[in-house]
Amino acid sequence: MLARHYIGESWKHGLLIIGALIVLIPFYMMVSMSLKSQQEIQSISGGLVGAQEIQTFPVCTKHGYTEEVCTMRPYKYNFWFAFKKAPIPRYLMNGLIVTVSIFLIQVLIALPCSYALAKLRFKGREFVFSMVLFCLLIPVHAIALPLYVMLAKAGLVDTYAALIIPWTISVFGIFLMRQFFMTVPDELIDAARMDGMGEYSIVWKVMLPVAIPALLAFAIFSVVAHWNDYFWPRIVITGNRDLFTPPLGIREFRGGIDSDEFGPMMASIVTVTIPLIVAFIVAQKRFVEGITMTGMK
Amino acid sequence: MGTISLKNINKSFGSTEVLKQLSLDIQDGEFLTLVGPSGCGKSTLLKIIAGLEQQNSGDVIIDDKNVNSTRASKRDLAMVFQSYALYPHLTVRKNLETPLKLRDYSFVERLPLVGNFVPSRKEKKKSIDDLVFKTSETLKITELLDRKPGQLSGGQRQRAALGRAMVREPVAFLMDEPLSNLDAALRVHMRSELSELHNSLKTTFIYVTHDQAEALTMSTRMAVMIDGELLQLDTPSEVYNNPSSLRVAEFVGSPKINTFAAQISSDGSVEFMGIKLERKFNTNSQKALVAVRPEHLEITKDSNKPAFEATVSYRENLGSDIFYHVQVDQSDFKIIVRGSPQAGLISNGETVRISLSHAEAMLFETSGERIR
Chain S
8 MLARHYIGES WKHGLLIIGA LIVLIPFYMM VSMSLKSQQE IQSISGGLVG AQEIQTFPVC
68 TKHGYTEEVC TMRPYKYNFW FAFKKAPIPR YLMNGLIVTV SIFLIQVLIA LPCSYALAKL
128 RFKGREFVFS MVLFCLLIPV HAIALPLYVM LAKAGLVDTY AALIIPWTIS VFGIFLMRQF
188 FMTVPDELID AARMDGMGEY SIVWKVMLPV AIPALLAFAI FSVVAHWNDY FWPRIVITGN
248 RDLFTPPLGI REFRGGIDSD EFGPMMASIV TVTIPLIVAF IVAQKRFVEG ITMTGMK
Chain P
3 MGTISLKNIN KSFGSTEVLK QLSLDIQDGE FLTLVGPSGC GKSTLLKIIA GLEQQNSGDV
63 IIDDKNVNST RASKRDLAMV FQSYALYPHL TVRKNLETPL KLRDYSFVER LPLVGNFVPS
123 RKEKKKSIDD LVFKTSETLK ITELLDRKPG QLSGGQRQRA ALGRAMVREP VAFLMDEPLS
183 NLDAALRVHM RSELSELHNS LKTTFIYVTH DQAEALTMST RMAVMIDGEL LQLDTPSEVY
243 NNPSSLRVAE FVGSPKINTF AAQISSDGSV EFMGIKLERK FNTNSQKALV AVRPEHLEIT
303 KDSNKPAFEA TVSYRENLGS DIFYHVQVDQ SDFKIIVRGS PQAGLISNGE TVRISLSHAE
363 AMLFETSGER IR
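Protein sequence lines, in the order shown, are assigned to chains S and P.
Residue numbering for the first sequence follows my numbering, beginning at 8 and increasing consecutively.
Residue numbering for the second sequence follows my numbering, beginning at 3 and increasing consecutively.
Hints are all accurate, no fakes.
Subject to a maximum C-alpha distance of 20 Å in a straight line, what follows is the list of computed EDC-like cross-link-like pairs (lysine to aspartate or glutamate):
#: 1; chain 1: P; residue 1: LYS336; chain 2: P; residue 2: GLU352
#: 2; chain 1: S; residue 1: LYS130; chain 2: P; residue 2: GLU55
#: 3; chain 1: P; residue 1: LYS76; chain 2: S; residue 2: ASP197
#: 4; chain 1: P; residue 1: LYS150; chain 2: S; residue 2: GLU194
#: 5; chain 1: P; residue 1: LYS96; chain 2: S; residue 2: ASP197
#: 6; chain 1: S; residue 1: LYS212; chain 2: P; residue 2: GLU111
#: 7; chain 1: P; residue 1: LYS307; chain 2: P; residue 2: ASP331
#: 8; chain 1: P; residue 1: LYS96; chain 2: S; residue 2: GLU194
#: 9; chain 1: P; residue 1: LYS136; chain 2: P; residue 2: GLU195
#: 10; chain 1: P; residue 1: LYS142; chain 2: P; residue 2: ASP132
#: 11; chain 1: P; residue 1: LYS336; chain 2: P; residue 2: GLU297
#: 12; chain 1: P; residue 1: LYS136; chain 2: P; residue 2: GLU125
#: 13; chain 1: P; residue 1: LYS67; chain 2: P; residue 2: GLU32
#: 14; chain 1: P; residue 1: LYS127; chain 2: P; residue 2: GLU139
#: 15; chain 1: S; residue 1: LYS212; chain 2: P; residue 2: ASP106
#: 16; chain 1: P; residue 1: LYS103; chain 2: S; residue 2: ASP197
#: 17; chain 1: P; residue 1: LYS76; chain 2: S; residue 2: GLU194
#: 18; chain 1: P; residue 1: LYS76; chain 2: S; residue 2: GLU206
#: 19; chain 1: P; residue 1: LYS76; chain 2: P; residue 2: GLU55
#: 20; chain 1: P; residue 1: LYS96; chain 2: P; residue 2: ASP132
#: 21; chain 1: S; residue 1: LYS212; chain 2: P; residue 2: GLU99
#: 22; chain 1: S; residue 1: LYS212; chain 2: P; residue 2: ASP148
#: 23; chain 1: P; residue 1: LYS96; chain 2: P; residue 2: ASP131
#: 24; chain 1: P; residue 1: LYS103; chain 2: S; residue 2: GLU206
#: 25; chain 1: S; residue 1: LYS126; chain 2: P; residue 2: GLU55
#: 26; chain 1: P; residue 1: LYS126; chain 2: P; residue 2: ASP106
It should be emphasised that the hints constitute simulated quantities derived from the structure, not laboratory data.
Input sequences plus hints: build the corresponding full structure.
Here it is in structure tokens:
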């Protein structure tokens with residue numbers, strides 16, 4: 008009986024382990040390749056970190072650096088050369104500006120909308136909400152062209168605005184927050200009204216602090232999606248390299264004479280991924296312990 | 003001052019009528035309880051008084067001023083909610099300060115950072131601090147001021163919610179079933195505390211409850227509402243002893259009042275279950291209902307007393323009282339009789355003789371109106 012129980016359990020765990028490996032192996036390869044030399048990558052040898060022999064890198068000298076400068080350990084070379092080849096801090100900065108602005112404006116718009124949809128009674132509320140649901144079904148790619156034309160006519164191509172404006176109204180955010188606000192007791196809102204708050208004060212002073220766990224969940228969706236987005240920046244940033252977001256920046260490592268040099272490329276990817284990973288390790292803790300509704304009942 | 007009067011209030015949600023032509027006058031300083039079964043519209047009425055809900059027609063008048071179009075916060079009322087509705091992200095102190103800040107600070111003074119530089123804010127802050135401290139002393143929550151609602155027990159949250167209502171020194175307190183989330187012992191305790199609070203504040207209290215025990219114990223007057231109508235408004239003892247209709251009689255009192263079919267002879271004498279009432283009634287109807295509270299029935303061994311026989315089917319021993327559920331004539335007709343523990347326990351299945359203890363009972367038309 009017991010043995011059979013363990014077999015049943017191990018079967019489940021085995022499946023979960025395989026799933027985890029499928030997700031983690033690319034990460035492992037990314038980190039490993041960012042540390043190893045080109046030969047080790049191509050011959051698939053050297054384990055996680057490789058031999059780390061001091062050597063001179065030919066691609067480096069081709070770029071006009073002296074041999075002395077180009078002689079170092081592979082891990083150091085990969086990261087050094089990645090930063091030399093592309094202005095990665097600038098890309099990270101762009102990514103930060105774009106994702107944070109998008110998220111803040113999304114919250115600014117979604118909170119009052121979802122408050123109205125969840126807690127105020129007005130004619131046509133159900134219709135408006137069904138429109139929100141309908142908008143969830145529209146894929147970005149379907150409206151990309153008209154959006155681009157609009158932005159181009161407005162002269163906004165190759166600006167931060169082009170990266171930010173199309174995403175400021177998040178129907179997903181409105182939907183998510185509306186569902187959360189439905190669970191907030193009406194009495195809390197009534198109490199705020201009795202205390203003398205206006206509807207906007209209620210949104211920002213009562214609903215916002217109460218909704219922090221839900222907002223963090225939404226932040227994860229929003230920031231990941233726009234930090235990693237390649238499609239839209241590729242369309243609206245046509246020439247100005249100063250506006251490249253991290254995924255566009257990584258593209259710099261493809262093509263050209265040294266297109267097959269994976270070390271620096273993977274090093275740049277690691278650099279771009281780390282902020283997200285760190286952000287979510289921090290946020291996860293807040294996410295769990297965040298202000299919950301326990302104070303209510 | 004805190005007189006509130008409601009004139010012909012109507013309210014419906016969609017096609018459901020919740021309040022029908024309801025009028026009510028509440029005097030200054032009284033503890034008025036709105037009591038009724040759930041769904042009778044009492045909470046809606048309270049929200050209409052508060053200004054959180056708009057009536058379809060009718061007037062709300064507070065201190066001789068029509069407040070129909072006055073915002074909730076400008077009516078100078080304070081409300082205590084069933085779920086307490088404290089701001090979960092703020093400490094008790096901040097919760098208490100919030101209504102005062104919103105009332106006393108100007109827009110500029112309320113701004114974060116900038117507000118600190120407005121000179122008049124300092125004085126106001128001082129008076130707010132004093133009020134918060136005074137209130138927390140009254141309610142004995144001073145040591146809880148820096149905790150958040152999530153760290154408080156039910157009773158403590160209840161006090162904090164009361165405090166948030168009290169700091170504003172409103173013309174009237176509105177309470178929407180404030181004790182129903184507490185456990186039984188605490189509820190009884192808070193009942194006496196609320197009464198004491200009312201005595202010391204001398205402010206109008208309007209208290210909504212479905213619990214008739216709360217209504218009977220605390221209120222100066224109670225208003226019995228059933229199905230959106232105000233059936234009776236009187237002192238608790240008057241409502242209990244002299245209900246205006248059968249619905250009121252059945253709602254107030256636990257266990258429920260017993261009703262019997264009765265025959266009325268042409269001379270006005272009333273007879274039910276073989277018992278004749280002493281009093282004669284002036285009525286034209288031949289059939290009526292006699293209602294007798296369980297404590298006005300007794301189990302008798304005196305064979306001379308007019309009585310009827312019944313079988314004990316269930317016994318509720320509450321310690322101070324015993325209630326016997328008895329079955330009459332083998333039928334499904336059941337009534338409840340109070341017995342005293344001194345008389346000894348009667349076991350299930352025994353046949354007993356039941357008589358009236360005062361030979362007095364209330365008479366109602368079959369439609370429910372009282373015959374006096």
